[in-house]
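S.K.: Working from the sequences, and respecting the hints, build out all of it.
Quick mapping for you: the protein sequence lines, in order, are chains C and A.
For the first sequence, the UniProt record's numbering gives the first residue as 1, with consecutive numbering after it.
For the second sequence, the UniProt record's numbering gives the first residue as 1, with consecutive numbering after it.
Careful, some of the hints might be misleading.
Where chains are identical, the list cannot tell them apart; a pair therefore holds if satisfied intra-copy or between any two copies.
Unchecked claim - Cut-off 30 Å, straight-line C-alpha distance, at most; resulting in silico cross-link-like pairs (DSS-like, lysine-lysine):
no., residue 1, residue 2
1, Lys106, Lys331
2, Lys245, Lys2
3, Lys9, Lys331
4, Lys19, Lys303
5, Lys9, Lys38
6, Lys245, Lys303
7, Lys19, Lys38
8, Lys285, Lys2
9, Lys143, Lys207
10, Lys331, Lys7
11, Lys200, Lys72
12, Lys106, Lys255
13, Lys255, Lys2
14, Lys7, Lys255
15, Lys303, Lys7
16, Lys247, Lys38
17, Lys106, Lys277
18, Lys19, Lys247
19, Lys41, Lys72
Hint data in this document are derived by calculation from the structure and do not stem from the laboratory.
Residue-level listing of the chains:
There are 2 protein chains.
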Amino acid sequence: MKFICEKSKLQDAISIAQKAITGKSTMPILEGVYLNAKDSKLTLIGSDVDVSIETIIDSEVIEPGSIVVDAKIFGEIIRKLPNDLVTIETLGVEEGNNIIQITCKKSVFNLVHMNPSDFPELPAINETKLFSIPQNLLKNMIKGTSFAIAQDETRPILQGILFEVNNSYLNLVALDGYRLATRSELIDSENTISSVIPGKTLNEVAKILEDSEDVVDITFTTNHILFNLGETKVISRLLEGEFIKYKSLLPQEYKGLVTVNRQDLQNCIERASLMAKEGNTNLIKFELVGDTLIITSNSQLGKVREEVGVNLQGDEIQIAFNSRYLIDVLKVMDSDEVMLELTSSVSPCVIRSNETDNSKYLVLPVRLAR
Amino acid sequence: MKFICEKSKLQDAISIAQKAITGKSTMPILEGVYLNAKDSKLTLIGSDVDVSIETIIDSEVIEPGSIVVDAKIFGEIIRKLPNDLVTIETLGVEEGNNIIQITCKKSVFNLVHMNPSDFPELPAINETKLFSIPQNLLKNMIKGTSFAIAQDETRPILQGILFEVNNSYLNLVALDGYRLATRSELIDSENTISSVIPGKTLNEVAKILEDSEDVVDITFTTNHILFNLGETKVISRLLEGEFIKYKSLLPQEYKGLVTVNRQDLQNCIERASLMAKEGNTNLIKFELVGDTLIITSNSQLGKVREEVGVNLQGDEIQIAFNSRYLIDVLKVMDSDEVMLELTSSVSPCVIRSNETDNSKYLVLPVRLAR
Numbered sequence: 001m002k003f004i005c006e007k008s009k010l011q012d013a014i015s016i017a018q019k020a021i022t023g024k025s026t027m028p029i030l031e032g033v034y035l036n037a038k039d040s041k042l043t044l045i046g047s048d049v050d051v052s053i054e055t056i057i058d059s060e061v062i063e064p065g066s067i068v069v070d071a072k073i074f075g076e077i078i079r080k081l082p083n084d085l086v087t088i089e090t091l092g093v094e095e096g097n098n099i100i101q102i103t104c105k106k107s108v109f110n111l112v113h114m115n116p117s118d119f120p121e122l123p124a125i126n127e128t129k130l131f132s133i134p135q136n137l138l139k140n141m142i143k144g145t146s147f148a149i150a151q152d153e154t155r156p157i158l159q160g161i162l163f164e165v166n167n168s169y170l171n172l173v174a175l176d177g178y179r180l181a182t183r184s185e186l187i188d189s190e191n192t193i194s195s196v197i198p199g200k201t202l203n204e205v206a207k208i209l210e211d212s213e214d215v216v217d218i219t220f221t222t223n224h225i226l227f228n229l230g231e232t233k234v235i236s237r238l239l240e241g242e243f244i245k246y247k248s249l250l251p252q253e254y255k256g257l258v259t260v261n262r263q264d265l266q267n268c269i270e271r272a273s274l275m276a277k278e279g280n281t282n283l284i285k286f287e288l289v290g291d292t293l294i295i296t297s298n299s300q301l302g303k304v305r306e307e308v309g310v311n312l313q314g315d316e317i318q319i320a321f322n323s324r325y326l327i328d329v330l331k332v333m334d335s336d337e338v339m340l341e342l343t344s345s346v347s348p349c350v351i352r353s354n355e356t357d358n359s360k361y362l363v364l365p366v367r368l369a370r
Numbered sequence: 001m002k003f004i005c006e007k008s009k010l011q012d013a014i015s016i017a018q019k020a021i022t023g024k025s026t027m028p029i030l031e032g033v034y035l036n037a038k039d040s041k042l043t044l045i046g047s048d049v050d051v052s053i054e055t056i057i058d059s060e061v062i063e064p065g066s067i068v069v070d071a072k073i074f075g076e077i078i079r080k081l082p083n084d085l086v087t088i089e090t091l092g093v094e095e096g097n098n099i100i101q102i103t104c105k106k107s108v109f110n111l112v113h114m115n116p117s118d119f120p121e122l123p124a125i126n127e128t129k130l131f132s133i134p135q136n137l138l139k140n141m142i143k144g145t146s147f148a149i150a151q152d153e154t155r156p157i158l159q160g161i162l163f164e165v166n167n168s169y170l171n172l173v174a175l176d177g178y179r180l181a182t183r184s185e186l187i188d189s190e191n192t193i194s195s196v197i198p199g200k201t202l203n204e205v206a207k208i209l210e211d212s213e214d215v216v217d218i219t220f221t222t223n224h225i226l227f228n229l230g231e232t233k234v235i236s237r238l239l240e241g242e243f244i245k246y247k248s249l250l251p252q253e254y255k256g257l258v259t260v261n262r263q264d265l266q267n268c269i270e271r272a273s274l275m276a277k278e279g280n281t282n283l284i285k286f287e288l289v290g291d292t293l294i295i296t297s298n299s300q301l302g303k304v305r306e307e308v309g310v311n312l313q314g315d316e317i318q319i320a321f322n323s324r325y326l327i328d329v330l331k332v333m334d335s336d337e338v339m340l341e342l343t344s345s346v347s348p349c350v351i352r353s354n355e356t357d358n359s360k361y362l363v364l365p366v367r368l369a370r
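M.R.: Right under this line is the structure:
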């Protein structure tokens, strides 16, 4: 194998393929990145058990072939090379077995490589796209829901995000026992799908997705999802099992509707939670008095009282929250104003934007001892 | 006590005083910042056993007084407040003992405070300045030497930097068993001083010093050094004991003089050391062949060969180094070109700038087994 390519392009490609390489596998081959040079293209693949990422760059291929090299050291070498053309070739047996040479200007590296036939094959996917969505929109939907993925491993299905396609809408839903996040966007698809994708895969996908309107094509099989970004493809295993019927968790009505500036509310909650760290409860109390929301918290350290002006329609409700759950929601919302739908001190609070219908968040209150 | 001051000024002042607060003390009072309001000024002091930092800001003092508050939570509260005037006052006993109230717009915090009489007094220092030096220059001298401070605790004196005033020069010197760094600048002082200041103090001082030509006045007593920056004063204990007679360690002559572009050399060494991490030895070899410096390294991972063009006067010497020690030196040097003075494969290498005489670095080679 021998090929020549630009250092910067190779560096970017390694960084993409590496996102699949967790280093936690027990198979040493999965710490490697697979390189295939053929037909003026260099294909790089990184993989662990759950997810594989393939990316393709232009390359001058002098002798086609495949190798697998340790992704970490290979990535570090390429990153440190000067910004010039890089030549990579396998050496003959007289130089020792399984050696590649990396040359760039006056730098020459000899590096051990692994056997490419040991590298797992990508799952076969019949690439009929089911729907397309702009990359920036999907990225936003993932970021807007992934914070609510369950962190504990007792219910594995909740460590993923539900991708639900229904009536020309794509809904992303994540929930743990305390909050729920859902984002919904219109797409051009007549299909009906309900699949759960591991959260860690989606966090890596979000890093690869660009802030552009270029689309990503999405294909599902029984066991896998394929994100096709053109030069880059991400294939992930789906989570097995059925997701919680989340729609029944969302209240259909409310007794008090609070409209408030999002940043003001977030600032007040963040300050109030400084006093709520004692015992790691993050407990803060909301009290509505006319068009004022009073937020209080106290602990051994002292106490705090915050006031923020709101528009209240309906009941003056008192309710307590874990401040972290509210901050997580407010951070991922984009709108200047947010609306809180409240019913009682023991009913879930629904938070949504007043501008669009695309985000809906639910946070459970903390029941206070009487 | 009651005073009013600007949030941003108070925040900056806390951040300065906090640099003395390590949180490692067994005395809870030393986790606090001392506040004194008097004569339109607010004085803040942070302290641990070795170092104290005092800083003064303008304040509207309504009722003079002193308190000590937990520096971490107080700093967090002030940082999160809106950018406006902050009022801080002690409350009467009916609100509970030892409570201060912090008010800013619609935010009200009640916070426990500690007894200011428990806070240690600053060491008395007769403030006759011994010499002055521009802040940016001293900052640079500290950064140019502190990397060579010994990390192990077997010789405590080497955990400090020698401040030597002699013949109108200020010399800063740090060394461990493997390398030595010295920076020297002309100052206006007829005194002769030789004192060793703890490295961790100086790292905090370097953070407080500004990138400006404004001077810092320096005063020594038998046991302390005082850095006076005007609004801010840093007082540090000196290290006890005698510093190593470093001048005898610096070779007076050499057999080969290598002049090389600093960044080129650093890049080559950084690449070569990628292959030198095996067993954590960082071993790289230098070979001079005419006007070429060949740098090689190898390990179980593979091997690397780098070439960099140099100007060589004298002998073609071969020598091996721990790459980290060379990189540390090259990183803190400012000049485009550096000079390496070499004598043999077992003699120390002296690295200096070709433009000024103010920096001199010494790195011991690694002796290779034959």
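S.K.: Within a copy, between copies, both or neither: which one fits Lys106 and Lys331 at a CA-CA cutoff of 30 Å?
M.R.: Result: close only across copies, 22 Å inter versus 48 Å intra.
S.K.: Please work out whether the CA atoms of Lys255 and Lys2 approach to 30 Å or closer within one copy, between two copies, in both situations, or in neither?
M.R.: Classified as neither: same-chain Cα gap 70 Å, cross-chain 44 Å, threshold 30 Å.
S.K.: Have a look at Lys143 and Lys207 and pick one of within, between, both or neither, based on CA distance no larger than 30 Å.
M.R.: Answer is within; shortest intra-copy Cα gap is 10 Å, inter-copy 36 Å.
S.K.: Quick one: Lys106 to Lys277, C-alpha cut-off 30 Å, is that within a copy, between copies, both, or neither?
M.R.: between (56 Å within a copy, 21 Å between copies)
S.K.: How would you classify Lys303 and Lys7 at a CA-CA limit of 30 Å: within, between, both, or neither?
M.R.: This pair counts as between: shortest inter-copy Cα distance 20 Å, intra-copy 56 Å.
S.K.: Can you give me the call for Lys19 and Lys303, within, between, both or neither, at a CA distance of at most 30 Å?
M.R.: between (44 Å within a copy, 26 Å between copies)
S.K.: Regarding Lys9 and Lys331, is the shortest C-alpha distance of 30 Å or less found within a copy, between copies, in both, or in neither?
M.R.: between (34 Å within a copy, 28 Å between copies)
S.K.: For Lys245 vs Lys2, is the C-alpha pair at or below 30 Å within one copy, between two copies, both, or neither?
M.R.: neither (54 Å within a copy, 57 Å between copies)
S.K.: How do Lys9 and Lys38 come out at 30 Å by Cα distance, when the copy is not named: within, between, both, or neither?
M.R.: Result: close within a single copy only, 17 Å intra versus 62 Å inter.
S.K.: How would you label the pair Lys247, Lys38 (within, between, both, or neither) given a Cα cut-off of 30 Å?
M.R.: neither (49 Å within a copy, 61 Å between copies)
S.K.: Is it within, between, both or neither when you check Lys19 against Lys38 at 30 Å Cα-Cα?
M.R.: within (23 Å within a copy, 58 Å between copies)
S.K.: Treating 30 Å as the Cα threshold, decide for Lys19 and Lys247: within, between, both or neither.
M.R.: neither (33 Å within a copy, 51 Å between copies)
When the structure is compared with the earlier hints, violations turn up for hints 2, 6, 13, 14, 16 and 18 and for no others.
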